[in-house]
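S.K.: Okay, here's what each chain looks like letter by letter:
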Amino acid sequence: MSTTTPVRTAPEGDERPHGAEEPGRVSGGLFDPAQLLKSLPDAFRKLDPRVMVKSPVMFVVEIGSVVTTALALKDPGDWFGWTITVWLWLTVLFANLAEAVAEGRGKAQADTLRKAKTDTVARRLSGGTEESVPGTELRVGDLVVCEAGDIIPGDGDVVEGVASVDESAITGESAPVIRESGGDRSAVTGGTKVLSDRIVIKITTKPGETFIDRMINLVEGAARQKTPNEIALNILLASLTIVFLLAVITLQPFAIYAGAEQTMIVLAALLVCLIPTTIGALLSAIGIAGMDRLVQRNVLAMSGRAVEAAGDVSTLLLDKTGTITYGNRQAAEFVPVKGTMAAEVADAAQLSSLADETPEGRSIVVLAKEKYGLRERHEGELAGAEWIPFTAQTRMSGVDVDGRKVRKGATGSVIAWVEAQGGTVAADARKLTDEISQAGGTPLLVALEDDKGARVLGVIHLKDVVKDGMRERFEELRRMGIKTVMITGDNPLTAKAIAEEAGVDDFLAEATPEDKMALIKREQAGGKLVAMTGDGTNDAPALAQADVGVAMNTGTSAAKEAGNMVDLDSNPTKLIEIVEIGKQLLITRGALTTFSIANDVAKYFAIIPAMFAVAYPGLDKLNIMSLHSPQTAILSAVIFNALIIVALVPLALKGVRYRPMSADAMLRRNLLIYGLGGLVSPFIGIKIIDLLISLIPGIG
Amino acid sequence: MSPVLSGVLQLTAVVAALALVYRPLGDYMAHVYSSEKHLRAEKWIYRLIGANPRAEMRWPAYLRGVLAFSLASILFLYLLQRVQGALPDSLSLGFTAISPDQAFNTAASFVANTNWQSYSGEQAMGHAVQTLGLAVQNFVSAAVGMAVAIALVRGFARSRTGELGNFWTDLVRGTVRILIPISVIGALVLVACGAIQNFAGIHEIGQLTGGTQQVNGGAVASQEVIKELGTNGGGYFNANSAHPFENPNAFSNLFEIFLILVIPFSLTRTFGKLVGNVKQGYAILATMGLIWLGFTALMMWTEYAHHGAALQAAGGAMEGKEQRFGVGASAIFATTTTLTSTGAVDSFHSSFTGLGGGITLLSMMLGEIAPGGVGSGLYGMLVMAIIAVFIAGLMVGRTPEYLGKKIGTREIKLAACYILITPTLVLGFTALSMALSSPPESILNTAGNSVHGSGAHGFSEVLYAFTSGANNNGSAMAGLNANTPWYNTTIGLAMLLGRFLPMVFVLALAGSLAEQQPVPETAGTLRTEKPLFAGLLTGAILIITGLTYFPALALGPMAEGLS
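From first to last, the protein sequence lines are chains A and B.
Those letters in the first sequence? Residues 26 to 725, per my numbering, in order.
Those letters in the second sequence? Residues 12 to 574, per my numbering, in order.
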């Protein structure tokens, strides 16, 4: 039984653990070195200049490689020229490899999806008759029939009937879901399979633009567009490339004046070492991998912009039910009226709830067992018992056995029952129920009629149970500078109590869709970015207004259309992970940019003395790594520059480890690792490479 | 007292004096640029030029004001020099008209707040040009720089408007309420120290060794004070602040250093005030101060510690330095003048040690932002802050923002254009000069390595000339005859483009920022008022500039200094 209508049953997959990771903490996907090999053909295909030109930094490297190749061909005996040429090409290839590997991870998933997209035959209704047409010929507004065993031919809404549908092709979740006409569970997705019953579907999407098509495009990266921050970063990298191009081009007249003219091969090597190749090579892989991390968590971002916005979110709107609390109220306490023992209340409460199969009823039995050691009795154990099930009219349940009548239910109903039986209502019963209501709970009265007459025994305190770990989670979010707002249909009193218990910063009680919309607009007017989840059609405007709108896959197609992300697991808690993934993406980009720029210092110390120590012997003092010879010095810098790309591919794909902490702490940590690390590591790396090269006979 | 100790004590005195005036001057300037009231004198000026002081300008209008005013100034200054020969002797001191290329160079130089001088003041410019032309530009070119900086600050401070204030109001107020009052006081101090202030003609003076010398009179003290205060640097005399009439003694020398630094440093307080968070100003101040002190310390070390018997006997590298200032004060002056866009000199930069010369070069190459020219230092530093925030700010997991404004595609595009300008001008023109046949002949010092012509030092001189011009410094490493049509024209272009192109991007940036709605600060926001950020900004400036110019510096000062 229940005194309140459940808002929504707990979404499936809510309790599903996310792999073996610490719950909710974002970490990277797996990186398998074998992927490098598999992606090699793609890496070669990407050498096409028309593709390369999209990454200005690597395009410059490719031009440099072409130039050195031409020069090496002119002088085939020059081992130095050839070696530089090979390593320059490898630099370009490594960059392409990084991108290909990142894309490759989505390809496997796309293949699975394609299988679901086998050509279906649709049973189209036209003028009351059924005709068979290929799924690809369906138009928006067509009505199609699906029965058990049919593959749904396109995205649409159920307009007639109820059916269980297997959506595992998309969600990976094998348990079937119910789809029915009207309400918030009417959306069906093309490629899923009807398991039972018959439904009529109104097609809402053109073939080729269905959800599954978009998913394939997304995971393959075909639909990937550069995000605003990525574009901005590309502009900065291009301008740094121009600066270094200028520094290298103008160097030749200076060198000639100094009597130390340089070969084009050396100048090309210097240029490639200076321009930010590390980040230039990995930038698009970072973006693809970020989207991929979402896909691995069963979230589809319809635009990369939304992923970036997720990192910037400063207000999270979270639905109370299912996100902050378990979906249902649970019994928390038995409170006796004066003159009654708590155990007595517990006994009566348990007895009267045995016939109540609602989650609330079950929770009463569980509490009685856990707290008062009352063994759960079964209906069959009590001979001659007359069970009174819960109905919406009586709003009570109970049992009549051995001349005793036990009831429990909504306050008004139970009082009316007691009075009708000629009993008395204890003076403090009202007070107790009021107290529980004020604390945000729901009171249920327990009453008994026996030889002493009808009377109220006590009160059951039902309350929303906040999920474990939510308080800590919100605390972390606060440290990250993110405000959490709980959205609930409860009255303000109840809402406040739960908000305090869960530790959210704010709450919106008795929320209507208009209230939600107004709240989002208010936050945005203050310059804040807002993220929310939703599933109903009436959530659609708010989902569209929010900067990050995550629609539940169980939701209506209007909601899915309005949001910029879809969660296939329909788990609202995932919003927090989405924010973390967004932040991780930005951090990875910043870390590798910083690393890349810091790297250049060491390369100068390797190459400049190698170029000019002959003309100006004093400059040999800059050779602080004491590299073997000018050739090995330049070669070592070029090789380091290429190898560091490969070395950082796993980091680009996995993302920099992210822990919630203040911006200050995070900056200090990352500056130390990627700034200082980027400054120091090439000195060591170049020295080691130089040592190895100088051991090669004929060079050393 | 040891020379080193005296240098350190003088440095301490300058820092103390700057600290003393930092808050009052900074707050006063914030008041000047935000006050609603107009002085009577200002109203007359507005009526005279037909400007409406209350009209708000969007960035294109503001820029048009800057460019129109500067273009008019260049034309006036150019014509004034060209007609000098026709002026009465009392105004021209009998000097003839300046040649077209030199007149263009000088006009560009003074309007661009550079004050590169390819002439000798006492042998070319009469009272009219000096006082009506050059001295006036010393005031207004400085005020233009401050106006642009204030416009950028308003871009940060304002939201959801494209309006950046009124150029004419900012120009007039900067001149009337800030530069003129301080100059009057400063000139009196300099006169008290012994600087001259008259309209006397040329005197023939007998020398101790026989022979005669010509000595000019002139309104020197008044021009000297604005030369430093407005980070201009154009001396009345060729010897600039090494000349006793401009800079008579050790105190006046320190006072001039103070004048150079006082507005650029105090503007960080003005900035903090106007954006509503003085701590943001302190972070910028800390960055500027760190670089200035660091470079000064480095300069003192290289000049004091330079090896060689003669140098040690003199207590340091005394060649080209004035006895009355010594190594320490000359070192402070040299870094101060090159880290600001001043270019005044009290010693001969060509005679600094190789590494010392490198420090003056690198100081200018940083873009003169620590603390930089009046106004230009602040806006240059803020652009670097935007770049630093963009690169490192991502590491806190948010798209970059500075002072509540998002650094998006448009902002980074403008900032990237800004940082491209000076390297392009410096390296481009230097490379052209080295590649062509005749420009290297201007290098006078041919006594170097016969294989390499005048060697690394000669190259440094050319590099220095264009670095100085494009960064609007104006100091010279001498040893280079820059009064040729090639150098007059190219350096003139470098000065104009190096001054006004950046302003275009700064004002566009200001407009873009002003239109934005501010993002509220949260615990997840990069804290740009913290020491960590000041350190990060310093690192970003040094690395980005260092990487750009490392090869050029290696072939010039490093090749010379490390040998």
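Since the hints were derived computationally from the structure, they do not count as laboratory data.
Treat the hints with care, since some could be wrong.
Examples of chain B residues toward chain A, derived with CB under 8 Å [claimed, not checked]: (1) Pro192; (2) Val195; (3) Ala403; (4) Met406; (5) Gly408; (6) Lys424; (7) Thr435.
Ideal Cβ positions, reconstructed from N, Cα and C, are used throughout, including at glycine.
S.K.: Run every hint past the structure and note whether it holds.
M.R.: Going through the hints against the structure:
no.: 1; hint: Pro192; result: 40 Å, violated
no.: 2; hint: Val195; result: 44 Å, violated
no.: 3; hint: Ala403; result: 6 Å, holds
no.: 4; hint: Met406; result: 4 Å, holds
no.: 5; hint: Gly408; result: 3 Å, holds
no.: 6; hint: Lys424; result: 5 Å, holds
no.: 7; hint: Thr435; result: 6 Å, holds
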